[in-house]
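Colleague: Chain A is fixed; fit chains B and C onto it per the hints.
As you go down the protein sequences, you meet chains A, B and C in turn. Under full-length UniProt numbering, read the first sequence as residues 1 to 355, first letter to last. Under full-length UniProt numbering, read the second sequence as residues 1 to 421, first letter to last. Under full-length UniProt numbering, read the third sequence as residues 1 to 294, first letter to last.
These are computed hints drawn from the structure, not numbers from a lab. The structure presented is a predicted model; accordingly, all values stated were derived computationally and were not measured. Be careful, since some hints might not be right.
[To be verified] The calculated lysine to aspartate or glutamate pairs, modelled on DMTMM-like cross-linking and capped at a C-alpha distance of 20 Å, are:
| hint | chain 1 | residue 1 | chain 2 | residue 2 |
| --- | --- | --- | --- | --- |
| 1 | B | Lys175 | A | Asp214 |
| 2 | B | Lys257 | C | Glu134 |
| 3 | B | Lys175 | A | Asp91 |
| 4 | B | Lys328 | B | Asp258 |
| 5 | C | Lys131 | B | Asp258 |
| 6 | B | Lys175 | A | Asp174 |
| 7 | C | Lys131 | B | Glu286 |
| 8 | A | Lys188 | B | Asp177 |
| 9 | B | Lys175 | A | Glu90 |
[What the hints assert, rightly or not] For each label pair, taking beta carbons as the anchor points, the in silico distance ranges come out as:
| hint | chain 1 | residue 1 | chain 2 | residue 2 | range |
| --- | --- | --- | --- | --- | --- |
| 10 | C | Val276 | B | Ala336 | 53 to 61 Å |
| 11 | B | Asn158 | C | Leu73 | 48 to 56 Å |
| 12 | C | Ile130 | A | Ser166 | 39 to 47 Å |
| 13 | B | Asp305 | C | Val61 | 17 to 25 Å |
[Claimed, not checked] If you want a taste of the chain C side facing chain B, the calculated C-beta under 8 Å gives, among others:
| hint | residue |
| --- | --- |
| 14 | Leu13 |
| 15 | Asn117 |
| 16 | Ile255 |
Ideal placement from N, C-alpha and C gives every residue a C-beta, glycine not left out.
Chain by chain, the residues:
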Amino acid sequence: MKGLKLNKNVKDNLITYGIVIIAYVIMQIMINTGHISSLLQGLLVPLCVYVILAVSLNLTVGILGELSLGHAGFMCVGAFAGAFFSRYMEDVIEVSLLRFVIAIIIGAISAGIVGFLIGMPVLRLRGDYLAIVTLAFGEIIKNIINVLYVGKDSSGIHFSMKDSMSLGLTEDGDVIINGAQGITGTPKDATFTIGIVLIIITLVVVLNLIHSRDGRAIMSIRDNLIAAESIGINITKYKLMAFSISAALAGMAGVLYSHNLSSLMATPKNFGYNMSIMILVFVVLGGIGNIRGSIISAVILTLLPELLRGLSNYRMLIYSVILIVMMLFNWSPKLINLRKKYSLRRLFKKTGEVR
Amino acid sequence: MKKKVVSLLLAASLVTAMLSGCGNSGSSDAGTESAGTEEEADDAQQTQTDASNAEEGSDETPAEGSGETYKIGAIGPATGGAAVYGIAVQNGADLAIKEINEAGGINGSMIEYNFQDDECDNEKSVNAYNTLKDWGMQILVGSTTSGCSIAVSAESANDNLFQLTPSGSSVDCIKNDNVFQVCFTDPNQGVGAAQYIGSNGVAEKVAVIYDSSDVYSSGIYEKFAGEAANQPFEIVSSEAFTADNKTDFSVQLQKAKDAGAELIFLPIYYTEASLILTQANAMGYEPEFFGCDGLDGILNVENFDTALAEGVMLLTPFAADAEDEATKSFVSAYEAAYGDTPNQFAADAYDAVYIIKAAIEQSGAAPTDSASDICDKLKAAMTEISVDGLTGEAMSWEAGGAVNKAPKAMEIVDGNYSLIQ
Amino acid sequence: MSFISYLINGISLGSVYAIIALGYTMVYGIAKMLNFAHGDVIMVGGFTIFFAVSMQGLPPVAGILLAVVLCTLLGITIEYIAYRPLRQAASSLAVLITAIGVSYFLQNMALLIFGANTKAFTSVVTVPAIKLAEGQIMISGETIVTIISCIIIMIGLTLFINKTRAGQAMLAVSEDKGAAQLMGINVNGTISLTFAIGSALAAIAGMLLCSAYPSLTPYTGSMPGIKAFVAAVFGGIGSIPGALIGGIVLGIIEILGKAYISSQMADAIVFLVLIVVLLVKPTGILGKKIQEKV
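Same shape as in the complex, but just chain A (with noise of 0.2 Å):
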């Protein structure tokens, strides 16, 4: 009984990766004998991608305990980062899988340290000034990527910050990057297999880091920061280490959007301050800290406005009732009691066998 006990952290785990395993070999399955609709199909990429980033946010919501609202400028540092990459590399590194693998490093690092260098000064905010600040920096990247112009030529590569004209390029040149226009015919190198690899890398990270002696540390700084400071933790470098991993994570989440799309833009839409809040809704309804329950949340919450296009121009409208209604659901204090009082556990429990 003792060592089941002991067990359950990897039990548990043993689930959570479970539930990912099962849903591929299903949706594999599915998609080899034909029972998929195309809509499921072109959904299973971004699917990926919600599940990433709602797991990566979980790390500094629900594990470090400090509000985020910049997590969609990580993901977009990530995406520009991996797709600039792959255009430009396109004609040097024929196969896809390779470039694309590198890409994803590339993403996931170059995102990973501004979000180092981001979480260096902000993170001795706490609560909802650390939520503005880092809302801040999300609007501060969107909007550099948005002016920002590069291409290249036989002569290397040319940046600027002004108009694609004052590049400077010379006939055979490529303009990748251009502002607002953004990144256009990024190869469509992102799979569902691939995916759903990287969903088990960010498991894999975040799931280990939590049960480690470091996660233990950073939870230790969320529950109270001041008894974890007298007991000789490093803050700043445990709140870090969760930080910059959460960011490279979403980077990473970042080249596979950008890899979906043969057009990339910095829109408020997709990297705006919209983006970060939805991300974060998927952790809250999830449960924060609860990685399982962003997975799920993660999958319903991108479902549901594509299952409610049938209600054609409602669809918004029923879609943020049903939100509200799933809210109160899952977080009232009265509900919950409610919940309780006639959950199946307990009808069970009475009909049979006490534990």
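Modeller: Just chains B and C now, kept in the frame of chain A:
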């Protein structure tokens, strides 16, 4: 723990719903769409429940057209900040399809219509495209905005599905050979505007205010600035604004004023332009204003003081106040059906449907052909036809996908558009 | 000369941010929640006035009163349905998310009712503009009214909170809900009252926002809402004079940044200044220092 179980149940039920959606085979409600938005919503809902008949059509191309109808899909933002454009496309195409169906369809076959919302997001646009594919779409009118059109065109090229974008104006939209445009391309507009200003000697000092976070606006600006170098006028100030910063234009206007600009070029949409006109008036600055097709619609902003727009010039293919018969009947039919004055997006979408009709008639593509066959036939036919539409006379297409038509220069006089000769 | 007119433009813009920020900071100070739907209540206020005055031909005063009443009722309803059940929830983030849900709801409701077309709002302000230096510098009537309203509201709110029983009850609730309850304060009632006042302010802000920048869409409120939230944080969130100062400072930075640095980077400049201010003074310009206890 309970929470997780509940979430799981929810997830499971959603997935089942999705899967069972695929299982249903589509029964069509072709050409019987009745007017009125209420019923339309219901219709769409019904279409949706029948929608994903992808049981067998899961592979690249949707199944052979089920029955005797053409299935035309359309995509655009029906919610979110750009909703006004998407809804115009939705209604414009709807109106044209109703008219065609009432007149007996194309070669005797009815058209089925399905519009999907993309919230002006590239990813959602691809989702909308896939939804339409599941529904059995054979021809696509969309997407409404440039970014979305580019994203969708990669998918449609892969499926070899004919795509005609009413208003996606970026050159990247038509990179693939299955995509054609109804509207002008951005370079065409930017260069055209610069040449018009230059050759007619409208002004010598020009200021530009553009939206640097918008594909359409920054695209036109770039080409305009490029061409301006060859023209006898000088750009004395070019200032930007962004999607997050578009209420206050006092700085941009002040700079133009300080630089002594006689004309302000506005390659932007009319929502922001109406604010710019109001603010320029408030600060007592009265330059000439010159815009592109995005400016069309400014006179229809509800409650807008049209006196402010007096003398504004714009290069636009369509004006709701034009006097010709086709425009008049379109505008009155549109107003009767949707309670709104149509803008250029509605006209583009309306034309798009008639262009498709002309191309189908030219090529003889049958509703029973697969989407890919229809695409091949229409691609060939597009270069052969010439269509008189609301947004241009004798429109013809190159194989590349861009449209040939003459832009009309309009000036707002007494609260109406009038053609400048 | 142009510097002065930029400065005045900055103050005009800032005063609009300030009046929105007052509502934000009021609700935050008492209920300790970021009401992301505040911007959308402003939009509802704007649409109500537009509907009443421009479409039904009512006098502006009647339109404003109608908007205030409607927004107040809306605020109370939103609080009752979406926020109150979560007040005791395990995390304060839960109510933030429902606020976002409410924000989506209001936007989409307005989209369905009024359509997506831009509406031109007729200014309800009849105060004439002041012209200085032979018309080179102009202060618009809307700016004058907005600034005066801001000051009146600021003084009114401060007096209300410090001098009335209901205001004292609000202070008590913001300090410690449990203790306030034990002292016989009706916590639910007090928070409802806070939302009622906050939403009434939103209606007035809606009127002034739309008068100064006369274009109205279902999304009109969301972006100024976020900016005003930034302004409130700037000034020290929860502090009523801070909201006024934060709003005006933000407006001036935004305009000067656009004028002298880059109009493309205006947002980045504003946010960068915000970050710097918060790093130097982590609770905003007039924010209270929070003592952390073990």
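Colleague: All the hints need checking, so say for each whether the structure fits it.
Modeller: Taking the hints in turn, this is what the structure says about them:
1. With a C-alpha separation of about 51 Å, the suggested pair Lys175(B) and Asp214(A) falls outside the 20 Å cut-off, and the hint is violated.
2. Restraint check: the Cα-Cα separation between Lys257(B) and Glu134(C) comes to about 16 Å, which is no more than 20 Å; the hinted pair holds.
3. For the hint pairing Lys175(B) with Asp91(A), the CA-to-CA distance comes to about 19 Å; that is within 20 Å, so the pair holds.
4. Simply put, Lys328(B) and Asp258(B) have alpha-carbon atoms about 43 Å apart, too far for the 20 Å limit, and the pair is violated.
5. With a C-alpha separation of about 18 Å, the suggested pair Lys131(C) and Asp258(B) falls inside the 20 Å cut-off, and the hint holds.
6. For a cut-off of 20 Å, the pair hint linking Lys175(B) to Asp174(A) stands: about 15 Å separates their Cα positions.
7. Distance check on the hinted pair: Lys131(C) and Glu286(B) sit about 17 Å apart at the alpha-carbon level, within 20 Å; holds.
8. A distance of roughly 18 Å separates the Cα atoms of Lys188(A) and Asp177(B); the hinted pair therefore holds under the 20 Å criterion.
9. Restraint check: the Cα-Cα separation between Lys175(B) and Glu90(A) comes to about 18 Å, which is no more than 20 Å; the hinted pair holds.
10. A C-beta distance of roughly 57 Å is found between Val276(C) and Ala336(B), which places it inside the suggested range of 53 to 61 Å.
11. At about 52 Å, the beta-carbon gap between Asn158(B) and Leu73(C) stays in the expected band of 48 to 56 Å.
12. The given range of 39 to 47 Å is respected by Ile130(C) and Ser166(A), whose C-beta atoms sit roughly 42 Å from each other.
13. Between Asp305(B) and Val61(C) the CB atoms are about 22 Å apart, so this pair conforms to the stated range of 17 to 25 Å.
14. Proximity of Leu13(C) to chain B holds as hinted, the smallest CB-CB distance being about 5 Å (cut-off 8 Å).
15. With a cut of 8 Å, the hint placing Asn117(C) at the interface with chain B holds, because the nearest CB-to-CB distance is about 5 Å.
16. Look at Ile255(C): its Cβ gets to within about 6 Å of chain B, closer than 8 Å, so that hint holds up.
When the structure is compared with the earlier hints, violations turn up for hints 1, 4 and for no others.
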